[in-house]
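2 protein chains.
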Amino acid sequence: MMKNNITMRDIANKLGVSTVTVSKALSDKEGVSDELKLKIKQLAAQMGYRYNTTAKAMKEGLSHNIGVIIPERFTGLAQSFYLIVYKQISLLLEQAGYFGILSILSDQDEEQLQIPKIYAEKKVDGLIILGQISKGYIQLVQEMDLPKVFLDFYDEHSDIDAIVTDNFYGAYELTNYLISQGHTKIAYVGNINSTSSIQDRYLGYYKSLLEHNIKLDENLVISDRDERGKYIELELPNSDLPNSPQNMPTAFVCNCDQIAYLLIQKLNSKGYAVPKDCSVVGFDNDIYATIATPHLTTMEVNFEQMSSIAVKYIIDKISSPSLKLGRVLVQGNIIHRDSVQNVK
Amino acid sequence: MMKNNITMRDIANKLGVSTVTVSKALSDKEGVSDELKLKIKQLAAQMGYRYNTTAKAMKEGLSHNIGVIIPERFTGLAQSFYLIVYKQISLLLEQAGYFGILSILSDQDEEQLQIPKIYAEKKVDGLIILGQISKGYIQLVQEMDLPKVFLDFYDEHSDIDAIVTDNFYGAYELTNYLISQGHTKIAYVGNINSTSSIQDRYLGYYKSLLEHNIKLDENLVISDRDERGKYIELELPNSDLPNSPQNMPTAFVCNCDQIAYLLIQKLNSKGYAVPKDCSVVGFDNDIYATIATPHLTTMEVNFEQMSSIAVKYIIDKISSPSLKLGRVLVQGNIIHRDSVQNVK
DNA sequence: CTGAAAGCGCTTACAG
DNA sequence: CTGAAAGCGCTTACAG
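So the protein lines, in turn, are chains A and B. Going by my numbering, 219 is the number at position 219 of the first sequence; the sequence numbering is gapless. Going by my numbering, 215 is the number at position 215 of the second sequence; the sequence numbering is gapless.
Quick caveat, the hints were computed from the structure, so don't treat them as lab data. Just so you know, not all the hints are guaranteed correct.
The list cannot tell twin chains apart, which means a pair is met if one copy fits it or any two copies do.
Claimed, not checked - For lysine to aspartate or glutamate, the following EDC-like pairs were computed, each having C-alpha atoms within a straight-line distance of at most 20 Å:
(1) Lys312 x Asp217
(2) Lys312 x Glu94
(3) Lys266 x Glu233
(4) Lys29 x Glu121
(5) Lys24 x Glu121
(6) Lys122 x Glu143
(7) Lys41 x Glu121
(8) Lys230 x Asp109
(9) Lys122 x Glu60
(10) Lys59 x Glu121
(11) Lys56 x Glu121
(12) Lys270 x Glu156
As the structure is a prediction and not an experimental result, all values here were calculated from the model.
Could you build all of it, start to finish, from the sequences and the hints given here?
Given below as structure tokens:
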């Protein structure tokens, strides 16, 4: 293959200087006269010189790439939210002089504990894991010899640093808000054994009930997905008795906007209007929040801040491996829309 | 910074052989006895050796990265479709031994003809440009010294290879279908000067009209966005006369599903029901197709095939720079749903 | 079957 | 202010 690469050597030869001088001039280091520096820069531009990052990487032993691993199940047409977060991360990385490499983790690779190529081939200096992975895979990641951080989930049994939205407090606030609007019979929708987020949101909901002396009713905890994360048909309490609204909750705390969206469809199909008959709140403030009719009152997750902390941390950790972050909780923000009715 | 890197040197030293032998053994090359080869592989695994791609990249002058440039305006919450395509591309690249680096092109960088970092720093061996860029930027890309391909748009004035869906034929088919259902007064929705896709879809619509001896009515060509791509309020024909349905088209060919979705809302707000009063077809089969009520009859774009051609081509082109692809048209596929009424 | 030498394009540490 | 030497971790071409 023909290559017409311009290197520092070429510039040096043309000017009768050494590559050392060219290197110093191009990176604005001391030890070259201003005059020569200018001449070198001009010639470089004129010759179409491009800096070879690979050589630098070789020298430093650092690729200046950060890997972002996302489990495939979180990247479908309907759930492209993490891809938007990835975009954000890649932008922030670039501003910091790094580049992101996306690695989609298939269900199969996750199950078979397949080591990601980006790690096995030393493609990256650090890893951001975006989206809950299995226990086994967490352990695999933990043994990897580079800085890593979990984003949007954590694991209580490993000490990998994690950045999550304040799920607990968010659901707590949302439930408090429903109660302030006069609701007392409030359901929670989500499989509370499937991810740490869903579980923590559930606990926040529960805390709010406790504080208001409302007894937790297990019949009002409605699962939304199987253990593999696949959505299942929602079962309304008393769904076999469509005409007994007195047994229905007056409000639903959904673990995410998409489920809130699906729940509303289900409620409508059973003859319940939202928010007239039932109030519904979501979580995430993603695209489903404004696709739903009515638009959802929900908890906005501050992904920009979360991404920004993740990027800053992972880069800092490359130069200071002893850095510890622990578990960072990023506060969300209630967005008031039209899915909650005041029943006082 | 402490580094505990295992290199081929370390393995070689432990075994009292040369790095050449280790290199050959690990990459299954000839010239090492099977016995020694096995011993080397075992020791490598045991020592936790990871292959250093950067060294290989240095040697070959090839990074084994492919850059994917997406203009920022195509990556919003509501339009994350290209990010899903990016995911697909990154998966295909990984299968082929490459990695994708996403580079989001901001409006500002596009306007100021800022050279992408991934190019200036020789981070990538090839470039996939996903989504229409400005004329000026096309020229900048054209001058770049590496293989590149346009995905989902093309430019008639440059000879960069391009892979697009068959917009022309797709809109032609969709319009034919509407006519077969008895429609004759058919509008087109889209700014026909904004992108090659919208323009070609318009021309396909027009060809169908011509073939059926239906006169093109310029009042039925409705713009949907300004020259910067920002959506504008849709103006229905005769929208000032809400009660004169006799002047309304009975069908609308929309340049994309999102606009079809917005159009339906607009129609509803003016008192027109879809598909009872007006039929609507979309294009893309993206998330808006099933968010809309009714669900849209639309043209499914075969992005999997398009991505796969793009990846294959760019990789082939790295080893055979003289390769030419021209403009590849990938056929779409009509998806029949509920937004078209037979009016015969 | 095995290995010494050279080189990919930079940078660092040192000498002048 | 300027540059010769060495080295980052591999691979290729050649010699034995």
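Evaluation of the provided hints:
1. Lys312 x Asp217: neither (43 Å within a copy, 56 Å between copies)
2. Lys312 x Glu94: This pair counts as within: shortest intra-copy Cα distance 12 Å, inter-copy 27 Å.
3. Lys266 x Glu233: The answer is within: 9 Å in one copy meets 20 Å, while 32 Å across copies does not.
4. Lys29 x Glu121: between (32 Å within a copy, 18 Å between copies)
5. Lys24 x Glu121: between (31 Å within a copy, 17 Å between copies)
6. Lys122 x Glu143: For Lys122 and Glu143, only the intra-copy Cα distance (15 Å) is at most 20 Å; the inter-copy one is 32 Å.
7. Lys41 x Glu121: Close across copies (16 Å), not inside one copy (35 Å); limit 20 Å.
8. Lys230 x Asp109: within (18 Å within a copy, 41 Å between copies)
9. Lys122 x Glu60: So Lys122 and Glu60 pass the 20 Å test inside a copy (13 Å) and across (17 Å) alike.
10. Lys59 x Glu121: both (17 Å within a copy, 15 Å between copies)
11. Lys56 x Glu121: This pair counts as both: shortest intra-copy Cα distance 17 Å, inter-copy 10 Å.
12. Lys270 x Glu156: neither (40 Å within a copy, 54 Å between copies)
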